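Chains as they are written, first to last, in the working numbering: chain A, 6 to 303; chain B, 36 to 262; chain C, 17 to 380.
Hints listed in this document are in silico derivations from the structure and should not be mistaken for laboratory results. Just so we're clear, the structure is a prediction, and the values are computed from it rather than from any experiment. Accuracy of the hints is not assured; some may be wrong.
Incomplete in silico selection of chain A near chain B, CB under 7 Å [unchecked claim]:
1. D96
2. V190
3. R191
4. V195
For glycine and all other residues, C-beta sits at the position ideal for the given N, C-alpha and C.
So the chains spell out like this:
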Amino acid sequence: MDVLVERLVAGSTEGAVYALIALSLVVVFRGTGTINFAQGEMALFTTFVAWSVIARDLPVWVALLVATASGFVLGALVERFLVRPVRKRNDMAVLIVLLGLFTVFNSLDGLIWGGETKVLASLLPNGPDDYVALGPARIYGDTAAVWIGTVLVLIALTVLFRCTRTGLHMRAVANDGEAAALAGVRVGRVLSLSWGLAGAIGSAAGVLVTPLAPAQLSLLTMLAIFLSAAAAALLGGLDSLVGAVVAGLSIGVLEALVIGYVPGVGSNLSETTVLVIIVLVLLVRPQGLFGTKKLERV
Amino acid sequence: MSAGYGAADVVHRISLDVAEGEIAVVLGANGAGKTTTLRAISGVLARSGVVQFDGRPMPTRPEDTVRVGLSMVPQGRGTLTELTVLENLLVGAAVRPRHEADADVEKWCGFFPVLGERREQKAGSLSGGEQQMLAIARALMARPRLVLLDEPSLGLAPIVVQRVFAALADINATDGTSMLIVEQNADLALRLARSAHVLEAGRLVASGAAADFLDDDRVRSAYLGGR
Amino acid sequence: MTTTTTPPAPAVAGAPPRPSARRLRLVIGSTRHRLLVLGSWLVVALLVLAATGLEPYRLGQLSGAVVIATAIVGLNVVTGYTGLLSVGHSALLGVGAYTTGVLVVQLNLLPLITVPAAVLTGALVGAFVGLPSIRIRGLYLAMVTLALAVAFPEVLRALPEVTGGNSGLSIPLRFLAPPAWTGLTLADRPLWTFLLCLSALLVSMLLVWCVLRSRLGRDMRAVRDHEAAAESFGVHVARTKILAFTISGGITGLAGAMLAMYVGALSPAGSFTILKAIELLSGLVLGGVATQLGPLVGAAVVVYLPVLLADVVQGQGSGVLFGALLIVIVFVMPEGVVGRLNKLWRQRVDVVPRGMPAPVADPP
């Protein structure tokens with residue numbers, strides 16, 4: 006029983022992170038119909054930026070702010086100048102550009118900050134005594150930060166999409182770009198905004214999750230997280246925000262349970278498990294759990 | 036004006052004119068270039084030549100043509116199917132200040148009562164006729180001075196077509212909104228319009244008063260597949 | 017109030033033909049054509065001969081480039097000619113390499129004997145990877161293959177008894193020496209390895225050349241250019257895709273076996289991560305997608321550019337440069353180096369079969 010509660014807490018924390026990155030993938034997909042393969046590495050880059058800010062003795066929340074802002078700018082710039090010009094050409098061009106970005110950011114991190122693993126401070130107090138007991142499980146500051154962060158991002162996104170004009174325009178563009186343009190929505194601006202928003206969410210997720218990540222802050226931190234998040238986005242249905250959250254949490258909990266109860270497979274083959282999930286989703290239910298049927302994936 | 040897809044022009048050097056407050060209709064067979072003409076004017080398609088609006092050059096992107104006072108109702112409705120009726124109307128008011136938008140929503144929900152009743156319903160769940168009315172209302176939310184309509188009768192039952200055309204006539208009469216309508220349903224369109232143009236294989240082959248076309252059996256048999 | 021008018025008719029001339037227009041005519045089978053073909057092969061032979069005289073270190077480097085070229089030739093079959101995006105070829109390369117490595121280290125087989133096995137496992141795994149491509153396309157297939165690339169090293173680590181786990185395998189030097197019948201000594205190992213790798217490359221290119229001229233080659237390109245149309249013309253799309261992946265996997269597996277013999281040591285973190293998959297794709301795009309010589313140029317660039325730049329930028333710096341180069345090439349030369357050269361060649365030279373009438377001079 007204790008193991009179960011402990012695994013559930015760990016799994017949903019991990020899942021919350023997947024959900025955040027999956028949300029950023031969904032926001033991008035709804036706008037441009039593209040899977041941003043460089044999302045994880047862009048988030049890693051801004052997380053390193055956050056580390057630099059903290060290294061200058063500034064508080065963690067300032068670092069979070071800086072990382073989020075730079076993630077926004079980065080995302081918007083990438084959409085405007087790198088993705089938009091080639092998007093209409095073909096999938097291959099988009100893929101190559103994004104893989105180019107993947108390589109650039111990963112190598113840039115190594116070039117600027119070096120290959121050795123770094124420790125990123127947690128946003129909330131994270132000492133041995135800074136925990137809240139939840140039954141037998143203890144929720145430390147780093148875990149709480151991830152949970153609170155996810156909830157806040159979800160609320161912010163819901164408000165944006167449901168209650169603001171900009172959010173309405175984003176949904177209109179996601180639904181039908183040409184019809185939105187005919188109504189006067191500035192589609193280009195909306196797309197840059199979507200990528201910026203996704204970049205910001207990814208960056209925030211990076212800063213929140215790194216204190217918890219097994220690899221801490223290193224060049225490999227985001228690869229596994231991105232993969233699980235991509236699986237979550239696919240499972241949820243690439244155009245569904247709710248789906249991203251539900252699927253992210255499910256995959257996180259599933260992974261945690263497998264690690265806790267299936268010796269040998271769990272921690273050693275987590276990425277293989279994710280591969281299997283991705284293949285199964287795409288083969289069995291390509292529109293995901295909550296996606297719309299119109300997704301032409303097969 | 037010329038326009039087309041890729042290298043080949045679909046419409047060649049056509050020239051037509053819509054007077055303030057009038058309804059003009061463009062007739063022609065399938066593939067004559069009617070839709071291409073409208074899409075080029077509204078900026079969805081690239082074009083060459085001159086398109087003027089109020090003596091000024093017409094912008095070349097759809098989001099800008101809306102801002103100078105031109106709205107288009109594309110073929111196949113062009114409603115945002117995942118959004119509710121109310122949200123569709125609000126998107127239509129993207130170029131207007133907010134307080135106007137709320138007033139206009141009331142105005143058009145009053146004018147098309149079915150829309151008022153289905154405010155919170157997704158546009159995709161409406162019937163064809165209701166979607167067409169929503170598309171028209173959405174276009175009017177931008178308070179345009181000229182509306183381009185691409186085959187508003189397409190796929191609708193005759194009785195519904197009658198209703199849509201009556202609404203168009205009403206709007207034109209009360210608000211003075213000019214309209215350029217592309218139609219295959221020639222009879223009905225000619226009765227509604229004041230002037231008419233006929234496209235054949237991408238070229239403008241006849242222009243004149245709509246009434247003349249209705250009366251002229253020769254024109255009807257030549258261009259409209261007369262009966 | 018709206019006037020849509022025509023400008024006073026500007027004389028619209030169709031795009032005039034390029035004034036250069038002094039095109040060279042090359043008749044297939046003519047003496048000139050034969051001389052050209054013969055000359056090209058002579059240059060290739062001389063280059064190979066010159067290469068064998070390189071100092072061992074340089075020769076080893078060249079072998080590395082040849083191995084990468086072979087892998088890109090394999091990737092080209094699915095991604096270039098069949099239009100299926102794969103970010104997972106690092107795993108296929110790894111399958112081939114580990115087949116050779118495991119058979120040599122665990123069963124003490126001679127490396128040469130393991131080559132068919134590496135080709136076979138590569139082809140089998142390739143076919144298996146191809147299965148999802150029947151239903152999954154475009155960026156989604158890229159996602160699946162990317163997941164494969166990320167998961168592959170993990171699988172290697174999870175089977176330490178077979179693969180040596182994290183520390184990997186190292187093939188004892190005695191297995192890598194040239195066999196006695198060649199008359200070469202252990203000191204000639206770089207030369208032996210180079211000749212092996214070169215043969216593998218030539219065999220692969222020949223195979224692709226044949227495939228492209230076969231019905232399968234036509235089907236592959238039909239599937240790439242318009243899948244629905246291909247299907248309606250009777251192309252068996254699923255079979256074509258699987259076959260393309262099988263051939264691609266076999267060639268890439270062969271490249272893996274060569275890699276194992278050239279490097280002699282294998283580890284999960286070494287040559288089989290996602291970065292290797294990106295490197296292969298980069299080479300393909302740089303050299304020219306769906307061109308037969310593109311993989312050679314691409315491999316030369318991805319192997320030698322970091323070496324050439326080693327004085328300017330080190331380690332991670334070359335990664336930054338590579339990524340940037342990759343993006344730039346998509347914008348300025350999407351057809352790649354060889355694609356561009358082909359285009360220029362076609363603009364200047366007409367290659368026609370024998371018996372075609374000379375073109376009538378253009379009317380003034």
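Against the structure, the hints:
1. D96: With a minimum Cβ separation of about 20 Å from chain B (threshold 7 Å), the hint on A:D96 is violated.
2. V190: 5 Å, holds
3. R191: 5 Å, holds
4. V195: 10 Å, violated
Of the numbered hints given earlier, the model fails hints 1, 4; all others are met.
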